[in-house]
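J.: Residues per chain are reported as follows:
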Amino acid sequence: MIIQQVGMAGTLESSDITISIEPNGTKGIEIELKSTVENQFGNQIRKVILETLQGMGIEHAYVRANDKGALDCAIKARVMTAVSRVVDGDCRPWEAE
Amino acid sequence: MQKLRRTMLYVPGNNPGMIRDAHIYGADSIMIDLEDSVSLYEKDAARLLVYQALKTFDFGGIEVLVRVNPLNTPYGRDDFEAIVRAQPTAIRLPKTETADDVIEADELITEIEQKIGMEHGTIKLFAAVESGKGALNAAQIAVASKRLIGIAIGAEDFVTDLKTTRSPEGIELLTARSLILFAARAAGIAAVDTVYSDVNNEEGFASEVKLIKQLGFDGKSIINPRQIEIVNRIYTPTEAEIKKSKRIIEASLEAEAKGSGVISLDGKMIDRPIVERARRILDLAEAAKINVE
Numbered sequence: 001m002i003i004q005q006v007g008m009a010g011t012l013e014s015s016d017i018t019i020s021i022e023p024n025g026t027k028g029i030e031i032e033l034k035s036t037v038e039n040q041f042g043n044q045i046r047k048v049i050l051e052t053l054q055g056m057g058i059e060h061a062y063v064r065a066n067d068k069g070a071l072d073c074a075i076k077a078r079v080m081t082a083v084s085r086v087v088d089g090d091c092r093p094w095e096a097e
Numbered sequence: 001m002q003k004l005r006r007t008m009l010y011v012p013g014n015n016p017g018m019i020r021d022a023h024i025y026g027a028d029s030i031m032i033d034l035e036d037s038v039s040l041y042e043k044d045a046a047r048l049l050v051y052q053a054l055k056t057f058d059f060g061g062i063e064v065l066v067r068v069n070p071l072n073t074p075y076g077r078d079d080f081e082a083i084v085r086a087q088p089t090a091i092r093l094p095k096t097e098t099a100d101d102v103i104e105a106d107e108l109i110t111e112i113e114q115k116i117g118m119e120h121g122t123i124k125l126f127a128a129v130e131s132g133k134g135a136l137n138a139a140q141i142a143v144a145s146k147r148l149i150g151i152a153i154g155a156e157d158f159v160t161d162l163k164t165t166r167s168p169e170g171i172e173l174l175t176a177r178s179l180i181l182f183a184a185r186a187a188g189i190a191a192v193d194t195v196y197s198d199v200n201n202e203e204g205f206a207s208e209v210k211l212i213k214q215l216g217f218d219g220k221s222i223i224n225p226r227q228i229e230i231v232n233r234i235y236t237p238t239e240a241e242i243k244k245s246k247r248i249i250e251a252s253l254e255a256e257a258k259g260s261g262v263i264s265l266d267g268k269m270i271d272r273p274i275v276e277r278a279r280r281i282l283d284l285a286e287a288a289k290i291n292v293e
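Going down the list, the sequences are from chains V and P.
Using full-length UniProt numbering, the letters of the first sequence correspond one by one to residues 1 to 97.
Using full-length UniProt numbering, the letters of the second sequence correspond one by one to residues 1 to 293.
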């Protein structure tokens with residue numbers, strides 16, 4: 001799946017994360033992360049974002065993430081929503097899992 | 001012991017923090033909402049968040065329901081598809097007007113259960129009546145599916161449908177509450193009352209809880225954890241009620257041991273309904289963490 005537009009999801013509430021997913025040519029997946037828990041959980045947040053994108057068949061994307069202490073399931077949900085908003089809304093990740 | 005539903009706490013479906021914490025306040029059930037508390041632009045986000053949350057969080061054994069969007073909206077079908085897979089206790093159907101609404105939901109759940117290899121009947125249903133038509137059809141709605149575990153009244157939409165507003169006394173809801181309660185009792189399922197939106201009016205809330213308890217409702221939908229304690233206090237039996245109930249149950253066990261169909265206590269005959277009421281009082285006492293042994 002190729003990202004051709006910008007898709008966003010999430011809020012700036014505590015325990016949530018905003019995810020913006022943008023086209024990134026053929027440069028793979030790059031993640032720009034801001035997090036209130038960067039030191040402890042930065043690597044884990046990046047890993048969840050990366051694995052979720054890969055699971056959805058995304059190979060190239062630029063991701064801006066602003067985390068306010070989201071748990072893995074919320075990160076995953078927000079990434080899935082951002083992607084589904086870019087791929088014409090006919091994306092049903094629960095069917096693929 | 002029958003499942004108690006004194007309090008069903010609403011949780012907005014697009015707020016990860018609230019979903020994560022919802023089970024810690026002591027409500028009997030939590031009801032994660034994809035309908036009215038989620039804007040039209042966030043329906044997709046809430047659906048995926050609730051799906052992921054249900055698959056991840058341990059809610060400590062508490063009953064979890066998800067209120068989906070109606071099937072006649074663009075969101076309803078996807079809500080069912082995602083939420084059945086995430087396996088809450090039940091799906092709550094909003095704006096239920098006819099038995100066919102329940103049957104349609106039942107059939108869709110069956111289809112999804114089959115598709116994913118889930119045992120038939122795993123996902124239960126809870127119907128909410130929110131219109132005059134729904135109230136008149138409550139008896140048919142309550143028996144429309146074996147999945148149905150309860151029926152609730154949603155007052156805000158209901159009073160709008162009736163072209164009135166909510167009063168402190170709730171006179172405008174009396175007929176609908178009664179119809180829904182009768183329907184639930186006839187079907188052997190739970191009856192749950194509507195929310196009380198003014199969280200700061202504790203006196204008004206308590207007065208409404210006393211009313212619905214007296215009418216016979218199992219409990220109340222609530223929108224704030226602060227309301228839990230008030231409902232539980234009102235639903236907790238008095239010491240005298242508990243003592244009397246214990247004696248009634250003891251007398252019934254004694255009669256049963258003797259093989260006698262007649263139960264008597266202090267020279268008076270005890271009917272079956274009295275025994276049943278005594279059991280419910282002890283259940284409520286246990287739920288309030290009162291030692292009834």
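By construction, these hints were calculated from the structure, which means they are not laboratory data.
Cβ coordinates follow ideal geometry from the N, Cα and C atoms, glycine included.
Any given hint could be a false lead.
[Stated by the list, open to error] Computed cross-link-like contacts, EDC-like style, restricted to lysine to aspartate or glutamate with a CA-CA straight-line distance of at most 16 Å:
hint: 1; chain 1: P; residue 1: LYS124; chain 2: P; residue 2: GLU156
hint: 2; chain 1: P; residue 1: LYS55; chain 2: V; residue 2: GLU32
hint: 3; chain 1: P; residue 1: LYS55; chain 2: V; residue 2: GLU95
[As the list claims (entries may be wrong)] If you want a taste of the chain P side facing chain V, the calculated C-beta under 7 Å gives, among others:
hint: 4; residue: LEU49
hint: 5; residue: TYR51
hint: 6; residue: THR56
hint: 7; residue: ALA82
hint: 8; residue: ALA187
hint: 9; residue: PRO225
J.: Now tell me if each hint is right for this structure.
T.: Hints, verified against the model:
1. The suggested pairing of LYS124(P) with GLU156(P) is violated, with an alpha-carbon distance near 25 Å, which exceeds 16 Å.
2. Between LYS55(P) and GLU32(V) the CA atoms are separated by roughly 27 Å; this puts the pair beyond 16 Å, and the hint is violated.
3. Among the hinted pairs, LYS55(P) with GLU95(V) is consistent with the structure: their alpha-carbon atoms are about 14 Å apart, no more than 16 Å.
4. With its C-beta approaching chain V no nearer than about 4 Å, LEU49(P) sits inside the 7 Å limit, and its interface hint holds.
5. For the restraint placing TYR51(P) at the interface with chain V, the shortest Cβ-Cβ distance is roughly 6 Å, inside the 7 Å limit, so the hint holds.
6. The restraint placing THR56(P) at the interface with chain V holds, with a minimum CB-CB distance near 4 Å, inside the 7 Å limit.
7. Of the supplied interface hints, the one on ALA82(P) holds, with its beta-carbon coming within about 5 Å of a beta-carbon of chain V, less than 7 Å.
8. The beta carbon of ALA187(P) is not positioned within 7 Å of any beta carbon in chain V (closest approach about 32 Å), and the interface hint is therefore violated.
9. The criterion of a C-beta within 7 Å of any C-beta in chain V is not met by PRO225(P), whose closest approach is roughly 16 Å, and the hint is violated.
Hint compliance for this structure: hints 1, 2, 8, 9 are not met, and every other hint is.
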